[in-house]
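Line by line, the protein sequences are chains U and X.
First residue of the first sequence: 1, per my numbering; consecutive thereafter.
First residue of the second sequence: 1, per my numbering; consecutive thereafter.
Just so you know, the hints here were simulated from the structure itself, not pulled from any lab data.
Each hint should be verified, as a subset may be incorrect.
List of simulated lysine to any residue pairs, SDA-like, C-alpha gap at most 20 Å [unchecked claim]:
| no. | chain 1 | residue 1 | chain 2 | residue 2 |
| --- | --- | --- | --- | --- |
| 1 | X | 265 | X | 286 |
| 2 | X | 231 | U | 402 |
| 3 | U | 399 | X | 295 |
| 4 | U | 53 | U | 303 |
| 5 | U | 399 | X | 18 |
| 6 | X | 231 | U | 321 |
| 7 | X | 344 | X | 398 |
| 8 | U | 141 | U | 129 |
| 9 | X | 344 | U | 359 |
| 10 | U | 18 | X | 342 |
| 11 | U | 50 | X | 34 |
| 12 | U | 399 | X | 34 |
| 13 | X | 18 | X | 398 |
| 14 | U | 399 | X | 188 |
| 15 | U | 295 | U | 326 |
| 16 | U | 15 | X | 343 |
| 17 | X | 399 | X | 34 |
| 18 | X | 265 | X | 305 |
| 19 | U | 18 | X | 231 |
| 20 | U | 18 | X | 398 |
| 21 | U | 295 | U | 325 |
Number of protein chains: 2
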Amino acid sequence: MEDTYGDLVSSLAQKNDKRICLLVMDGVGDCDNSGRGTALEIAETPNFDKLAKASALGLSLPVAVGVTPGSGPGHLGLFGYDPQIYQVGRGVLSALGIEFALDRRDVACRLNFCTIDGDGNVTDRRAGRIPDDENRRVLEKVRAGIRPPQGVEVFYETVSEHRALMVLRGDDLDDDVPDTDPQATGVPPLDPTSGSDSRTSAIAKNLIEQVQEILADEPKANMILARGFAKFPDWPTFAERWQLDPAAVAGYPMYRGVARLVGMKVVAQPTTAEDICAETIRALADHTFVFAHFKYTDKTGEDGDLDAKVQRIEEMDAALPALLESPPDVLVVTGDHSTPPSIKAHSWHPVPVLMRAPHLRGGDGGRFTERDCLGGQIGTIFAKQLIPLAMAHAGKLEKFGA
Amino acid sequence: MEDTYGDLVSSLAQKNDKRICLLVMDGVGDCDNSGRGTALEIAETPNFDKLAKASALGLSLPVAVGVTPGSGPGHLGLFGYDPQIYQVGRGVLSALGIEFALDRRDVACRLNFCTIDGDGNVTDRRAGRIPDDENRRVLEKVRAGIRPPQGVEVFYETVSEHRALMVLRGDDLDDDVPDTDPQATGVPPLDPTSGSDSRTSAIAKNLIEQVQEILADEPKANMILARGFAKFPDWPTFAERWQLDPAAVAGYPMYRGVARLVGMKVVAQPTTAEDICAETIRALADHTFVFAHFKYTDKTGEDGDLDAKVQRIEEMDAALPALLESPPDVLVVTGDHSTPPSIKAHSWHPVPVLMRAPHLRGGDGGRFTERDCLGGQIGTIFAKQLIPLAMAHAGKLEKFGA
């Protein structure tokens, strides 16, 4: 699959001093709540209302019609990386989620502690969902006992419950390593060298065998299942791709991780709306692009707490005037996906977009809501098209052809 | 990159006697002008208003979201040729721009006169931007002195200032010839045979060396830099692709050139709105498709002259009733891109489209403006989809599958 659109726009990118800010209100989109409307419709947002009147509105499809994205693909789309092309392996996503500092030589995989019986067959694929403390205790034993082969470093990190991360670091490692999780009980773990003759799969096999010995006398977590071996991706950085000098303002590990995945520098880690706006203003002084991330609109959606989601939107609304005092040349406000409280999870619904920029066809009027965004001048576009559109308005794209 | 859509529609094309007219008001789209609205919104257009009430409206994306097209890609899109696939080399575009009659064996390139010093290093990549007269005088010297190899003809034409065109004509020429412009001063021109062992690159090298000798005693234009070597493209003609018998009515060289690029016959060269409508009516008597081009809506936009752009729109409005007296079966009015006077250049904004045709879902009402087109039944589609849509309304596309 070729990234025709991204490559075209990238070839037209040119630098200037104009500032672009992408403010992501994570999971901001919603569906109706028992006839009361969406969280954005229910919220009282005088500042967004005023801003919307002078802005272009639209909707953003994170991946494709009907497709619900995870946080990784959701943000990659917003950064202008087609999430169907730029796919991150599970191992790398696990590392991002706990903010393990991957480098470009690393291969990461997700581990599940499991229980095996005397014949080596899996009896519980999640080792009784051991608590985090036990996970940490058992991993400490693994760290103390493991002897990686010469030239390779190995890292083990707790994620949560039965979940952990393994990272191999060394020259010329690859991620051609099959999963060892048999996805069933009563059978042994799979052999990571079966179907692969890569050097890394042999290393992985050896390490897993060592772990089995180290954990032999554990009652529950006496073995590991590995899956999603993945190398840190060799993608063009955001700076190379768009000729922008990017900074990330993000309070949560996953989002700092996704930002680093495309080479953004993380300059601040605020979590409240007020602090995010203040740090964004600061970052815009030194960077032509700032990605600012607000987590709570997603968190409250996942909690199924509509009132809290409405309140978080109102918090961002209250913080907005500070950001608009010395506004970026182009301001894009949107989400990486919708998180309806009625679903308590990410969803596939297109996400409201607001763009304040030069050269608009006037303001679209209306409010920053799903319904008003539907009729806006931006139309319904893919998330990956937002950075290019913002760059066009900032005069950062050359003409295509003569 | 495959042209799946174009190939599908082409395979369904069938002839009938129905007439389609594509009236291109070059650069007609606009963005807001300090709260006054767009040129189409400001203009008084009673005839377009009346026509819009009975027509389908929509918006056309010339290339892709955020991408500003040149005139070549803009028109190729309108002719149903995906501009990302059907890319024209700079040499061919330069030839089209001065209406040099390229034939299918030709290789064209763009020349810049430059100044070199005694060591052969470039000191000025534009030869002090010599005036057109000096360009013509120096080229005349080149023409008199040049000795092309056997079997090859060579043509030199003035474009403007330091810009010129070189065309090689002969059998089996290719365009695998690297640029010689070093894009820097203080270094010699590049060797067109470096990295290419094509026969044409050797010919080009020899010709450039001859030119250097001929111009040795010139004070400014004592050398040439060549770039964008390109063959006349071997594309399916418009007639083959759409089973239409096309004619072009266009007063400016570039647009006649683009029309000829897809094999259209140029039947008239009017420039005023009134003459364009009269010649279009005449051409529709003999052709199932007429492309009519009106330049001034772009020119006034590039001049940054909003009032003049408004006036040019009103001129076309005044001429419209003549065209509608014996109207084509399908009339499409649109632009190849937007040219906002506030930007004084082509832009990326979607372009208003009006389609009067049988089998509409009623008229969309409203006016022929960016805002009203946003809500129209055509929606926002790619420029390359307009000819297929017009053909559908004219009964010129067979059913797909049984």
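Query raised in the report: Is the hinted pair residue 399 of chain X and residue 34 of chain X satisfied, with a Cα-Cα distance of at most 20 Å?
Result: Status violated; Cα separation ~48 Å.
Query raised in the report: Given the proposed pairing of residue 399 of chain U with residue 295 of chain X, does the C-alpha separation stay at or below 20 Å?
Result: This hinted pair holds, its Cα atoms lying about 19 Å apart.
Query raised in the report: Given the hinted pair residue 141 of chain U and residue 129 of chain U, is their alpha-carbon gap at most 20 Å?
Result: holds, 18 Å
**Report entry** Holds or violated: residue 295 of chain U to residue 325 of chain U, with C-alpha atoms at most 20 Å apart
**Finding:** Violated, at roughly 23 Å.
Report task. Compare the distance between the alpha carbons of residue 231 of chain X and residue 321 of chain U with 20 Å, and conclude whether the hinted pair is satisfied. Result -> Violated - the C-alpha atoms of residue 321 of chain U and residue 231 of chain X are around 56 Å apart, more than 20 Å.
Query raised in the report: Holds or violated: residue 344 of chain X with residue 359 of chain U, Cα cutoff 20 Å?
Result: holds, 12 Å
Query raised in the report: Does residue 326 of chain U lie within 20 Å of residue 295 of chain U when you go C-alpha to C-alpha?
Result: Since the Cα atoms of residue 295 of chain U and residue 326 of chain U sit roughly 23 Å apart, the hinted pair is violated (cutoff 20 Å).
Query raised in the report: Are the Cα atoms of residue 399 of chain U and residue 188 of chain X separated by 20 Å or less?
Result: Between residue 399 of chain U and residue 188 of chain X the Cα gap is close to 29 Å, so the pair fails against 20 Å, i.e. violated.
Query raised in the report: Is the hinted pair residue 18 of chain X and residue 398 of chain X satisfied, with a Cα-Cα distance of at most 20 Å?
Result: holds, 14 Å
Query - residue 265 of chain X paired with residue 286 of chain X [C-alpha distance capped at 20 Å] - result: Distance ~12 Å between residue 265 of chain X and residue 286 of chain X Cα, so the pair holds.
Query raised in the report: Keeping to a limit of 20 Å between CA atoms, is the pair of residue 399 of chain U and residue 18 of chain X held or broken?
Result: With Cα atoms ~36 Å apart, residue 399 of chain U and residue 18 of chain X exceed 20 Å; violated.
Query raised in the report: Is residue 231 of chain X within 20 Å of residue 402 of chain U, Cα to Cα?
Result: holds, 16 Å
In summary, the numbered hints that this structure violates are 4, 5, 6, 7, 12, 14, 15, 17, 18, 19, 20, 21.
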